[in-house]
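Line by line, the protein sequences are chains A and B. Numbered per our numbering, the first sequence spans residues 1 to 165. Numbered per our numbering, the second sequence spans residues 166 to 330.
Hints were generated in silico from the structure; no laboratory data involved. No false leads were slipped in.
Straight line, CA to CA, 20 Å or less: simulated PhoX-like cross-link-like pairs of lysine-lysine: (1) K186(B) / K150(A); (2) K240(B) / K214(B); (3) K186(B) / K153(A); (4) K103(A) / K120(A); (5) K120(A) / K12(A); (6) K103(A) / K21(A); (7) K318(B) / K21(A); (8) K268(B) / K285(B); (9) K177(B) / K285(B); (10) K49(A) / K21(A); (11) K21(A) / K315(B); (12) K177(B) / K318(B); (13) K150(A) / K315(B); (14) K285(B) / K214(B); (15) K186(B) / K214(B).
Number of protein chains: 2
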Amino acid sequence: MEGKYMKNTESKIVVAVDESKESMQALSWCLSNLVSHNSRNTLVLLYVKPPPPVYTSFDAAGYVFSSDIISALEKYGSDLVNSVMTRAESVIRSSGTNINVEKITGSGEAKDVICSIVNKLGADTLVMGSHGYGFFKRALLGSVSDYCAKHVKCPVVIVKHTDDK
Amino acid sequence: MEGKYMKNTESKIVVAVDESKESMQALSWCLSNLVSHNSRNTLVLLYVKPPPPVYTSFDAAGYVFSSDIISALEKYGSDLVNSVMTRAESVIRSSGTNINVEKITGSGEAKDVICSIVNKLGADTLVMGSHGYGFFKRALLGSVSDYCAKHVKCPVVIVKHTDDK
Chain A
1 MEGKYMKNTE
11 SKIVVAVDES
21 KESMQALSWC
31 LSNLVSHNSR
41 NTLVLLYVKP
51 PPPVYTSFDA
61 AGYVFSSDII
71 SALEKYGSDL
81 VNSVMTRAES
91 VIRSSGTNIN
101 VEKITGSGEA
111 KDVICSIVNK
121 LGADTLVMGS
131 HGYGFFKRAL
141 LGSVSDYCAK
151 HVKCPVVIVK
161 HTDDK
Chain B
166 MEGKYMKNTE
176 SKIVVAVDES
186 KESMQALSWC
196 LSNLVSHNSR
206 NTLVLLYVKP
216 PPPVYTSFDA
226 AGYVFSSDII
236 SALEKYGSDL
246 VNSVMTRAES
256 VIRSSGTNIN
266 VEKITGSGEA
276 KDVICSIVNK
286 LGADTLVMGS
296 HGYGFFKRAL
306 LGSVSDYCAK
316 HVKCPVVIVK
326 HTDDK
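The shape of chain A in the complex, shown without the other chains:
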């Protein structure tokens, strides 16, 4: 129906955030363009950690990995989540937008986790950067947003790094 996208007073907007500036620009675009006129929106910050690596007890030279190294790697992962969420919260605070914020951290293949969570939440809009999903995925530039644009059910906003402009 042509009038199906009616003004929705309680919509759920998911912003996929990661370590990139681009994802913070996507959040900023969202706050400026989608959120400000409607304080009853819920903004969901979604961060996807890469799947946990499978550790073998020995490295290539035959040395045993110490549990210190393993826990350091795990700590690094959760520091990354905290750092990204803190940056995102600071972008929201500095926008002066009064909005209900939820935070979700997923783990796994970014494109699959984003689509699955967005569809499960019944989100109204997904906002994300155009490029890969953090530096873990640089080799697949663009593929995450392409995939999500095809596989989520709601409208998807793809925001570019403005230095390209």
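Chain B: place on chain A using the hints.
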């Protein structure tokens, strides 16, 4: 910069419209979510006609095409433009949004023309349906929005047909 997407009081939003319901839903989404809070936006309705066919004087059976047939085909093309623009205007009217509307008709390969016009206009946002560009492009479902998401400089909103939801 993280705060680059600041609230813009005079932004130009291009909506790519075609014969599909999906493109009208994209327009409707735009009116409900991007436009309503800012009356100083300009909404550009962009329709791209397929490139004019190269007519040969003879058909496969050796008959000469009459100029009546050629002009009927051309009339069909411009009727299509008018019909799409009329539908789009009716969607805008029924949304009750008071906005400055411009109409642009391009001709050529939809994906190239959309990207070129959006970039030349320095548009702030492109909004379009996720599927092919009208029934001329059914064989390439999704490819136009994929291409545009990669090649325009501004944020791109891809809106799905809500019957899929």
